[in-house]
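Colleague: Each chain, written out:
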Amino acid sequence: MTERRPIFDEIASVRAIALLRILVGPITIVHLWSFLEAAQPGSYFAERFYVPFTELWPVLPLEGYRAVLLVGLVAAVLMSAGFLSRLTSVLTLAVVVFNLFSNQLFFHHNRAFLTTILFGLTLLPAGRALSVDAWLAKQAGHPLRDEAPMWRLVLLRALACTPYLASGFSKLIDPDWWSGVVMYDRISRYRHVAEAKGVPAWLIDPIATPEFNAVMWKLVVLTELFVGVGYWFRRTRVTAMFMALGFHTLIEITSTVSVFSYLGIAATLIWVTPRTRDRVLWVRTDEARGRRLARLVRALDWLARFDLRETTQGPTVRVRDRDGTILEGAPARRLVLSRLPPLMPLVTPLLLLDQWPRRTGQSPQSA
Amino acid sequence: MRRGPRLRRLGAQCFFAAVIGLQLFFVVRAYDDPHHLFGYQPFSESSTWRATILRVTDSGRHDIRNGWAGYHWSQLVRGRGLTTPWVDGSAASGVESQLAFFQQALDWVATHTPNDHSTRYFEAHVRTVRNRGEPETRVMRSVERELPER
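Protein sequences, first through last, are from chains V and C.
The first sequence runs 1 to 367 under my numbering.
The second sequence runs 1 to 150 under my numbering.
It is worth saying that the hints were derived from the structure and are not from the lab.
Please read all numbers here as calculations on a predicted model, not as lab measurements.
All C-beta atoms in this analysis are idealised placements derived from N, C-alpha and C, irrespective of residue type, glycine included.
It is possible that some hints are incorrect.
To be verified - To list a few chain V residues with every Cβ distance to chain C over 10 angstroms, as calculated:
id, residue
1, L23
2, L56
3, A67
4, V71
5, A81
6, H108
7, G141
8, T209
9, E211
10, L219
11, L308
12, R322
13, L346
Stated by the list, open to error - Label pairs and their computed distance ranges (CB to CB):
id, chain 1, residue 1, chain 2, residue 2, range
14, V, R157, C, E144, 49 to 55 angstroms
15, C, P135, V, T236, 43 to 49 angstroms
16, C, T52, V, P342, 52 to 58 angstroms
17, C, T111, V, P41, 47 to 53 angstroms
18, V, I253, C, T52, 56 to 62 angstroms
19, C, T83, V, F101, 34 to 40 angstroms
20, C, V143, V, V77, 40 to 46 angstroms
21, V, T236, C, L10, 28 to 34 angstroms
22, C, V139, V, T236, 48 to 54 angstroms
Please model the entire structure based on the sequences and the hints provided.
Modeller: Okay, structure coming up:
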């Protein structure tokens, strides 16, 4: 059993954060692009009513403002690619913050969340994996170590769970929210919009009732709170991730939240166990099924969960999990596929089939 | 532990505590802030609001809906549900947030319409409905305008 050390002494892999960096780039581009489109002669925010956070905040002429947004867009592209990652992450954050603080009318919680995630990306050396920087360093013979102090990851985790906890708690103590009145009212008033989009009445009618909303939105509030707490514990983390995926999908369908849903789903990567290659996967490459699985793992193991070893003896697939458990056959395949990010949402529920006691043993090499 | 690493560790601990403290401060402060800035309280209400805006001049009160002195409210104020206040609109971020921005918009319009030589101040008759509750009405006023000598 590994000894637990204080977070200020521990080292964490930033591999998952590197993948988050790649995803946050396009999300930031979508965010900044909407401002660039709106910044036209005659419709520039500073030419009309706006509310600066502070009078000291500089208000640029239109061309200057557009130039700053363009710098942010280019920085976001480079950040996503992982070129000069630290610099481009800081630059992207600086532009997003500059824009956000230019006008209080720009403030939305999803933009605050984007700022938080970008702050985390500047805090962690997210360019040390899955990046142009890492590739260049490897070519130069000085491969980068994709590691960072654990406390920085814990800090990002604390900030990333705040929206769920703060939002959930505020709604829990608000009688109108907890009773379902807020959402019942909203659904009742906007049902004509759903009808105009072709949603059938038999679907809308039961949803637009006080009884449905009294139950439904209690579940949503409890989901938010569960996600905020559940992420922190190993036993509930995967469930929290799935509930977060469901929560963000529901929000995206029912509300206009800009980039929040995509960001919330991408941010589940923050909660991936920050260790790489700590599961050993033996695959028989003299068999077609084994070769197919090996190819799949090489292509999709973006989080470097597996130390892939090719073999010509033993079962087609064999996995040694973190705790030393040995899995073979279908359970081993399910575990492998469930840890490949694109397949994770589809395959992870199948792991419930493997919840009964696992067989433990030793690796094929030592057996 | 040598002095360098110890200082680095202490610095990290202070930074960690400062950031968490700042986030907690915003979360708590949001309960006393109409806009819930950085406090993560989205979709806090399903409230609605509407306002009739009048120019108050020496000759009486005039609805601004169709413009005045070459100005149109909808060209001066855009976004956050403030563009056409005379139409029932959502105050999903809360009545307090909506009215705080609306008050600032009234003041801004009063101080950014130099071609208007007759309006003394703007007056708004506001009707709000908070989460299906009873309608409430209130009168809001902009800052007094300084009119040129005639």
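Colleague: Hint by hint, note whether the structure agrees.
Modeller: Hint check results:
1. Chain C leaves L23(V) outside its interface by the beta-carbon criterion, the shortest separation being 21 angstroms against a cut-off of 10 angstroms.
2. Its beta-carbon lying about 17 angstroms from the closest one in chain C, L56(V) satisfies the requirement of being farther than 10 angstroms from that chain.
3. Listed as outside the interface, A67(V) is consistent with that label: its C-beta sits roughly 23 angstroms from the nearest C-beta of chain C, beyond the 10 angstroms cut-off.
4. Under the 10 angstroms C-beta cut-off, the non-interface status given to V71(V) relative to chain C holds; the minimum distance is some 24 angstroms.
5. At roughly 28 angstroms, the least C-beta separation between A81(V) and chain C is larger than 10 angstroms, which holds for a residue marked as non-interface.
6. At roughly 8 angstroms, the least C-beta separation between H108(V) and chain C is not larger than 10 angstroms, which violates its mark as non-interface.
7. Non-interface call for G141(V) relative to chain C: holds, since the shortest CB-CB distance, roughly 29 angstroms, exceeds 10 angstroms.
8. Residue-level check passed: T209(V) sits 14 angstroms from the nearest beta carbon of chain C, beyond 10 angstroms.
9. Listed as a non-interface residue, E211(V) keeps its Cβ farther than 10 angstroms from every Cβ of chain C; the least gap is roughly 15 angstroms.
10. Look at L219(V): its CB is around 16 angstroms from the nearest CB on chain C, clear of 10 angstroms, so calling it non-interface holds up.
11. Every Cβ of chain C is farther than 10 angstroms from the Cβ of L308(V); the closest lies at roughly 35 angstroms, confirming the non-interface assignment.
12. Distance check on R322(V): its Cβ is at least 27 angstroms (rounded) from any Cβ of chain C, clearing the 10 angstroms threshold; non-interface status holds.
13. Distance check on L346(V): its Cβ is at least 30 angstroms (rounded) from any Cβ of chain C, clearing the 10 angstroms threshold; non-interface status holds.
14. Judged by the Cβ atoms, the range 49 to 55 angstroms given for R157(V) and E144(C) holds: they are separated by roughly 52 angstroms.
15. Between P135(C) and T236(V) the beta carbons are some 45 angstroms apart, a value that agrees with the proposed interval 43 to 49 angstroms.
16. The hinted window of 52 to 58 angstroms between T52(C) and P342(V) holds, with their beta carbons roughly 55 angstroms apart.
17. For the hinted restraint 47 to 53 angstroms between T111(C) and P41(V), the CB-CB distance of approximately 23 angstroms leaves it violated.
18. Between I253(V) and T52(C) the CB atoms are about 36 angstroms apart, so this pair departs from the stated range of 56 to 62 angstroms.
19. A C-beta distance of roughly 23 angstroms is found between T83(C) and F101(V), which places it outside the suggested range of 34 to 40 angstroms.
20. For the pair V143(C) and V77(V), the supplied restraint of 40 to 46 angstroms holds, since their beta-carbon distance comes to about 45 angstroms.
21. For T236(V) and L10(C), the Cβ-Cβ distance of about 33 angstroms falls inside the hinted range of 28 to 34 angstroms, so the restraint holds.
22. At roughly 52 angstroms, the beta carbons of V139(C) and T236(V) sit within the given window of 48 to 54 angstroms.
Hints 6, 17, 18 and 19 from the earlier list are contradicted by this structure; the remaining hints agree with it.
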